[in-house]
Amino acid sequence: DSGVTQTPKHLITATGQRVTLRCSPRSGDLSVYWYQQSLDQGLQFLIQYYNGEERAKGNILERFSAQQFPDLHSELNLSSLELGDSALYFCASSVGKGTGGPDTQYFGPGTRLTVL
Amino acid sequence: AQSVAQPEDQVNVAEGNPLTVKCTYSVSGNPYLFWYVQYPNRGLQFLLKYITGDNLVKGSYGFEAEFNKSQTSFHLKKPSALVSDSALYFCAVRDRTGGFKTIFGAGTRLFVKA
Numbered sequence: 001d002s003g004v005t006q007t008p009k010h011l012i013t014a015t016g017q018r019v020t021l022r023c024s025p026r027s028g029d030l031s032v033y034w035y036q037q038s039l040d041q042g043l044q045f046l047i048q049y050y051n052g053e054e055r056a057k058g059n060i061l062e063r064f065s066a067q068q069f070p071d072l073h074s075e076l077n078l079s080s081l082e083l084g085d086s087a088l089y090f091c092a093s094s095v096g097k098g099t100g101g102p103d104t105q106y107f108g109p110g111t112r113l114t115v116l
Numbered sequence: 001a002q003s004v005a006q007p008e009d010q011v012n013v014a015e016g017n018p019l020t021v022k023c024t025y026s027v028s029g030n031p032y033l034f035w036y037v038q039y040p041n042r043g044l045q046f047l048l049k050y051i052t053g054d055n056l057v058k059g060s061y062g063f064e065a066e067f068n069k070s071q072t073s074f075h076l077k078k079p080s081a082l083v084s085d086s087a088l089y090f091c092a093v094r095d096r097t098g099g100f101k102t103i104f105g106a107g108t109r110l111f112v113k114a
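Protein chains in written order, with this note's numbering: chain Z, 1 to 116; chain P, 1 to 114.
If you are wondering where the hints come from, they were derived from the structure by calculation, not from laboratory data.
Note that this is a predicted model, so its numbers are computed, not measured.
The C-beta atom is built at its ideal place from N, Cα and C for all residues, glycine as well.
Some hints here could point you the wrong way.
Short derived list, chain P residues pointing at chain Z, Cβ under 8 Å [stated by the list, open to error]:
id	residue
1	G43
2	F63
3	T102
4	A106
With the Cβ distance kept under 10 Å, some of the chain Z side facing chain P (calculated, not the full set) [said to hold, decoys possible]:
id	residue
5	V4
6	T7
7	P8
8	G16
9	Y35
10	F45
11	G52
12	E53
13	F64
14	A92
15	T104
16	R112
17	T114
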């Protein structure tokens with residue numbers, strides 16, 4: 001058990017809908033990262049937050065947004081969902097900012113999103 | 001552009017035999033290098049990382065990895081494979097020169113046969 005929790009485990013929804021994925025980092029970790037894992041794209045970095053502030057952006061669509069709250073949990077919001085958004089969404093956390101440092105990222109179990 | 005290559009989609013090895021999962025990278029400077037393992041329906045688990053120093057890094061579950069700067073490789077190894085090692089393995093690279101993104105390889109599926 002990595003200490004990172006994600007809810008829900010599974011989510012099934014329809015195209016055009018909006019969903020929210022939640023992540024709680026390990027105790028003491030200030031950085032939260034979001035990744036999308038799909039068969040055709042592999043593991044893609046979406047966005048990173050550090051202590052409540054956006055730190056880095058990766059391949060995140062404009063339809064997606066995220067935030068990190070004062071208690072350090074994070075939410076990833078996916079809107080106007082398309083079939084291609086079906087994927088496994090992982091959250092990871094680390095102690096530091098992760099900017100060029102050797103921080104180890106600890107991954108949650110993921111949320112499997114299915115868009116029908 | 002920075003990239004990570006895992007040239008083998010799948011590696012098959014018999015239990016008790018040594019295993020190698022290959023990783024090469026193209027990143028400027030001297031990056032930090034990581035290996036993660038993913039078991040079915042689970043998140044990624046950290047195995048080991050290379051920061052600096054000795055080119056042979058020892059990690060969890062008896063795994064080790066050899067950093068080769070001239071070949072820009074970071075191959076994962078284990079002297080004696082177990083059936084329970086069967087999983088998906090990811091190599092990852094983070095640019096040391098201020099980059100914030102961790103780039104993952106496509107993954108290599110390891111099958112260990114009893």
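Checklist entry - Any of the earlier hints contradicted here, and which numbers? => result Result: hints 2, 6, 7, 8, 11, 12, 13, 17 break, sorted rising.
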